[in-house]
Amino acid sequence: MTVMSQTAPYDVEAVRADFPIFRTDIRGKPLAFLDSGASAQKPQAVLDAMNAVYTSGYANVHRGAYLLSERATAAFEGSREIVRRFINARSVKEIVYTRNATEGINLVATSYGRKFLKQGDAVLISEMEHHANIVPWQLLREQIGIELRIVPIADDGSWRMDEYKKRLDGVKLVALTHTSNVLGTVTPAKEITALAHAAGAKVLLDGSQAVVHRTVDMQDIDCDFYVFTGHKLYGPTGIGVLYGKAELLESMPPYQGGGDMIRIVTFEKSTWADLPHKFEAGTPAIVEAVGLGAAIQYIEGIGIERIAQHETQLLNYATQRLSAVPGLNIQGTAAGKAGVISFTLDSAHPHDISTIVDRAGVAIRAGHHCAQPLMQRLGVPATARASLAMYSTKAEIDRLADALDTVVEMFS
Amino acid sequence: MSDDLRDLYQEVILDHGKRPRNFRQIDNASHHAHGHNPLCGDQLVVYLALDEAGVVQDVSFVGKGCAISTASASLMTEILKGKSEAQAKRLFELFHAMCTGEDSPSAEGLEDEMERLEVLSGVREFPSRVKCATLAWHTVTAAMAGQDQISTED
Ligand SMILES: Cc1ncc(COP(=O)(O)O)c(C=O)c1O
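In order, the protein sequences belong to chains W and G. Note that the first sequence covers residues 1 to 412 in our numbering. Note that the second sequence covers residues 1 to 154 in our numbering.
Think of the hints as simulated: they come from the structure by calculation, not from any bench. Don't take each hint at face value.
[Said to hold, decoys possible] 25 angstroms max Cα-Cα, derived SDA-like pairs, lysine to any residue: (1) K18/G - K93/W; (2) K18/G - K165/W; (3) K115/W - S347/W; (4) K165/W - G336/W; (5) K64/G - S412/W; (6) K245/W - A198/W; (7) K93/W - G120/W; (8) K64/G - V325/W; (9) K64/G - P373/W; (10) K165/W - E147/W; (11) K29/W - E108/G; (12) K64/G - S121/G; (13) K29/W - K64/G; (14) K64/G - K93/W; (15) K64/G - I330/W; (16) K18/G - K115/W; (17) K64/G - E127/W; (18) K18/G - T406/W; (19) K18/G - Q297/W; (20) K64/G - T406/W; (21) K29/W - R124/G; (22) K18/G - L328/W; (23) K18/G - G379/W; (24) K29/W - D4/G; (25) K18/G - D156/W; (26) K81/G - E108/G; (27) K64/G - K165/W; (28) K64/G - E409/W; (29) K64/G - T271/W; (30) K29/W - D7/G.
Given these sequences and hints, build the entire structure.
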């Protein structure tokens, strides 16, 4: 496993060697994987950690008074402490495991929303949200009649603080992406939160694309809720995180009922377990949580800031390289954006682009990226998207650019 | 470039994709339907003018899509002119079987038409693109059945 000294140059080949997928050929060509924004590849350390639980430490958690169960519980709860440290939460009580980011947002919409919001209260989202941060609010609107308000973005994908401020009046909850999965735009979370709090609103941030690319600090941002998903953070599928301030989580009713989330059950009445278990009904994704902990430790061994630097350099290179492709338009050029490049070609539809570059062994995403309202805002049916990760290389970007030249040749 | 790519994007496809035929509305259309492929955002509207006997007098489309869906819609409009509803439905079945590589019903009487559609058979090697090729056909079938919306999600 690669652990980098903070002074040595970033060794991307050493990082790649830790990811077994890169030993797999795609149609006889080495894999160029530029779709980590959809889901990232997994380092061997994650696979090993998960395998170790299954082979020598597996049992259900919180239940058995025997060694194996105690081992599994220690590994599971240990991963929660790793997550807490990673996002600098005050306490492990504030780290709720979910299936993914989507479930985290639904949990807040359901549990917080139904208890604390009422008809006519406004929830504020933006034009660049993933469907995961649109649809739960629409469901809540149908159930209790909240108002859903939308902050427009600038044409280049930048966040517009003036538009945000204009719409804050009467808002009870601000639910925003911390980094757009299409445009790469990073929203100024701390300022957004301070303004919302001053206006009497709570803040939920969707950090699915943010935690991957930069340090996020709950105590510094001071948001009320924060969600992210394990599989984009080099961890397994089936595990996500909801951070919530303890006093808020305390005041919220359970999301689902069942085992593990109770203290005492009688047919007349049940009482709830302490945080965070109140929100974790049923057997959790034990091994996946351990995998997520291993992924975070792997990231920390390299350094998230070093990863961010590496990605920024590559982003600049990719922006230059792709801009030289005739008729290529990059969607989203906000200052300080993360390593996500959406683009369209004048001559070819994103779907044709992705089919053709796939045959060159280059995996990119084409489609609406679960952000259909944003596609409408941009005036395109879909975009192609290349997204960068800790293991991305210049060579992969060159291969993409070369494949795009083929596309242009074919279609012009 | 790989052979299956060359098979998929043949000259005929690229040509119809860039310069689709019958790319217009029909003002006095007897039927029309919207087709939508939510996966890639492709949208088109197919217009039909059927006479009393159910024969296609005119057929056209407008919309936005990838090269495959546009070329397929364009070729379809050329082929369907003068065909009966029953023939149109048979052609769709035959075309669908060709795109998915499933067993094909008999093409008797429609051999020439199927020969022209053969240029799209390359999608067989690209499972994620079959829906692009069949969107216009799904839509025209829906129009004939009197539906006005079709989505290729299912
Ligand atoms: C910004 C953003 N939010 C939410 C999600 C949803 O993640 P998941 O499907 O893992 O819940 C994604 C990923 O698809 C995303 O990019």
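Hints, verified against the model:
Restraint check for K18/G and K93/W: not satisfied, since their Cα atoms lie roughly 58 angstroms apart, outside the 25 angstroms limit. At most 25 angstroms may separate the alpha-carbon atoms for a hinted pair to count; K18/G and K165/W exceed this at roughly 45 angstroms. With a C-alpha separation of about 51 angstroms, the suggested pairing of K115/W with S347/W is violated against the 25 angstroms cut-off. A threshold of 25 angstroms between alpha carbons decides the hint, and for K165/W with G336/W the separation of about 21 angstroms falls inside it, so the pair holds.
Note on K64/G and S412/W: the hinted pairing holds, with a Cα-Cα distance of about 17 angstroms set against a maximum of 25 angstroms. The suggested pairing of K245/W with A198/W holds, with an alpha-carbon distance near 17 angstroms, which does not exceed 25 angstroms. Distance restraint check for K93/W and G120/W: the Cα-Cα separation of roughly 32 angstroms exceeds the 25 angstroms cut-off, and the hinted pair is therefore not satisfied. Between K64/G and V325/W the CA atoms are separated by roughly 23 angstroms; this keeps the pair inside 25 angstroms, and the hint holds.
A C-alpha spacing of about 17 angstroms is found between K64/G and P373/W, which places the hinted pair at or below 25 angstroms, so the restraint holds. For the proposed pair K165/W and E147/W, the alpha carbon gap of about 17 angstroms is at most 25 angstroms, so the pair holds. A threshold of 25 angstroms between alpha carbons decides the hint, and for K29/W with E108/G the separation of about 43 angstroms lies outside it, so the pair is violated. Taking the CA atoms of K64/G and S121/G, the gap is near 22 angstroms; set against the 25 angstroms cutoff, the hint holds.
Restraint check for K29/W and K64/G: not satisfied, since their Cα atoms lie roughly 33 angstroms apart, outside the 25 angstroms limit. Straight-line distance between C-alpha atoms of K64/G and K93/W comes to about 50 angstroms, which puts the hinted pair past the 25 angstroms bound. Proximity of K64/G to I330/W is assessed by CA-CA distance (about 20 angstroms); at most 25 angstroms being required, the pair is judged to hold. With a C-alpha separation of about 55 angstroms, the suggested pairing of K18/G with K115/W is violated against the 25 angstroms cut-off.
With a CA separation close to 23 angstroms, the supplied pair K64/G and E127/W stays within the 25 angstroms bound. At most 25 angstroms may separate the alpha-carbon atoms for a hinted pair to count; K18/G and T406/W meet this at roughly 17 angstroms. Using a Cα cut-off of 25 angstroms, the hinted pair K18/G and Q297/W is violated, with the two alpha carbons roughly 51 angstroms apart. Using a Cα cut-off of 25 angstroms, the hinted pair K64/G and T406/W holds, with the two alpha carbons roughly 22 angstroms apart.
A C-alpha spacing of about 22 angstroms is found between K29/W and R124/G, which places the hinted pair at or below 25 angstroms, so the restraint holds. Only pairs whose Cα atoms come within 25 angstroms are accepted, and K18/G paired with L328/W is accepted, the gap being roughly 17 angstroms. As the CA atoms of K18/G and G379/W are separated by approximately 20 angstroms, the hinted pair is consistent with the 25 angstroms bound. A C-alpha spacing of about 15 angstroms is found between K29/W and D4/G, which places the hinted pair at or below 25 angstroms, so the restraint holds.
Only pairs whose Cα atoms come within 25 angstroms are accepted, and K18/G paired with D156/W is rejected, the gap being roughly 29 angstroms. Taking the CA atoms of K81/G and E108/G, the gap is about 18 angstroms. The hint holds against a cut of 25 angstroms. Restraint check for K64/G and K165/W: not satisfied, since their Cα atoms lie roughly 37 angstroms apart, outside the 25 angstroms limit. Restraint check: the Cα-Cα separation between K64/G and E409/W comes to about 21 angstroms, which is no more than 25 angstroms; the hinted pair holds.
A C-alpha spacing of about 56 angstroms is found between K64/G and T271/W, which places the hinted pair above 25 angstroms, so the restraint is violated. Restraint check for K29/W and D7/G: satisfied, since their Cα atoms lie roughly 20 angstroms apart, inside the 25 angstroms limit.
Of the numbered hints stated above, those contradicted by the structure are hints 1, 2, 3, 7, 11, 13, 14, 16, 19, 25, 27, 29, listed in ascending order.
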